[in-house]
Amino acid sequence: MEQIYPLLKLARPHQWIKNLFLFIPIFFAGEIFELNKVLILFFGFLSFCLVSSSVYVLNDFKDIESDRMHPTKKDRPLASGKVKPQIALAMMVAFALVGLLMSYNINKAFFFLLSSYLALNIFYSLGLKNVSILDILIVAIGFVLRTVAGGIIANVYISHWLIIMIFLLSLFLVLAKRREDMLQFVLSGKALRKSTENYSMDFINLSLTMIAGVIVVAYIMYTVSPEVTDRLHTHNLYITSIFVIVGVLRYMQITLVENKSGSPVKILYSDTFIHITLLAWILSFFLIIYLN
1 MEQIYPLLKL ARPHQWIKNL FLFIPIFFAG EIFELNKVLI LFFGFLSFCL
51 VSSSVYVLND FKDIESDRMH PTKKDRPLAS GKVKPQIALA MMVAFALVGL
101 LMSYNINKAF FFLLSSYLAL NIFYSLGLKN VSILDILIVA IGFVLRTVAG
151 GIIANVYISH WLIIMIFLLS LFLVLAKRRE DMLQFVLSGK ALRKSTENYS
201 MDFINLSLTM IAGVIVVAYI MYTVSPEVTD RLHTHNLYIT SIFVIVGVLR
251 YMQITLVENK SGSPVKILYS DTFIHITLLA WILSFFLIIY LN
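Count the sequence shown with our numbering and you get residues 1 to 292, in order.
These are calculated hints, taken from the structure and not from any lab test.
Check before you lean on any hint, since a few could be wrong.
[Claimed, not checked] SDA-like mimics (lysine to any residue), calculated; alpha carbons at most 20 Å apart, straight line:
| no. | residue 1 | residue 2 |
| --- | --- | --- |
| 1 | Lys-177 | Tyr-56 |
| 2 | Lys-260 | Val-186 |
| 3 | Lys-108 | Val-98 |
| 4 | Lys-84 | Ile-106 |
| 5 | Lys-260 | Ser-200 |
| 6 | Lys-62 | Ala-119 |
| 7 | Lys-9 | Phe-61 |
Kindly produce the complete structure, drawing on both the sequences and the hints.
Next up, the structure:
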């Protein structure tokens, strides 16, 4: 078990929650109870988890030295020496191949999207993550690819509003994470990411505020869009906007007041306020769409 745990930690299974974005299109389309579509999405989710884990391994392999200087990342399996680099590389290749093979058997278009995600993140790990602004765009595009892939697998319509909101939300979360890196840079004088040197706290704070406002406006426009209201046969979606506004405000509080935005996944797992807000949004959306 002592040998298996570092390998599991290297795969970062706690990050697999991000791949639930594949299920967003079917939920918004009002078809979450189509069990055949949910089943095939589950296999798509597994293939995305394997490929994304291979990306995490590559990223850790490339960042061994910088991670050793990071206050928390120094405990990662490769940085701490608990996993040998050659074993990590073998694990990376195996995960990528199995995940891509699964995606090919599910849907050829899904295979293309997953391959694109893998290629984009390989270039990201090899150097694009050091280019400011481009680094956050690539991460945000990764979430858009997840969402589009989910729509393709389930064969459901994906509104342009949904793509816009996923992209904006992803930018918001990545900017909040970069703010944590910037805070560490200000306190220690050491840039834990090369791209951090081309950011400033004012730039990130202003960008967060701008993106937060656009997210709220985009969501409200989505809920009242004739295309959406006609397709879902309801004009009551605007009610769910309250939970989006509250959720954005809470995340801004965590980021700007509490300075704890380094890990969006950790916040999602641990913050009770976020739990309640997210649950209320899902429940209200469910009641309006499915029990209308």
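* Does the alpha-carbon distance linking Lys-84 and Ile-106 stay inside the 20 Å limit? -> 33 Å, violated
* **Hinted pair Lys-260 and Val-186, Cα distance within 20 Å** => Since the Cα atoms of Lys-260 and Val-186 sit roughly 15 Å apart, the hinted pair holds (cutoff 20 Å).
* Asked: Under the criterion that the straight-line Cα-Cα distance not exceed 20 Å, is the pair Lys-177, Tyr-56 satisfied?
  -> 16 Å, holds
* To do: Would you check the hint for Lys-9 and Phe-61, treating anything up to 20 Å between C-alpha atoms as holding?
  => 14 Å, holds
* For the pair we were handed, Lys-108 and Val-98, check the Cα-Cα distance against 20 Å. => Holds: Lys-108 and Val-98 sit about 15 Å apart, inside 20 Å.
* To do: Sort out whether Ser-200 lies within 20 Å of Lys-260, counting only the CA atoms.
  => At roughly 17 Å apart (the allowed maximum being 20 Å), Ser-200 and Lys-260 satisfy the hint.
* If you draw a straight line from the CA of Lys-62 to the CA of Ala-119, is it 20 Å or shorter? -> Since the Cα atoms of Lys-62 and Ala-119 sit roughly 16 Å apart, the hinted pair holds (cutoff 20 Å).
Comparing the model with each earlier hint shows a violation of hint 4 alone; every other hint is respected.
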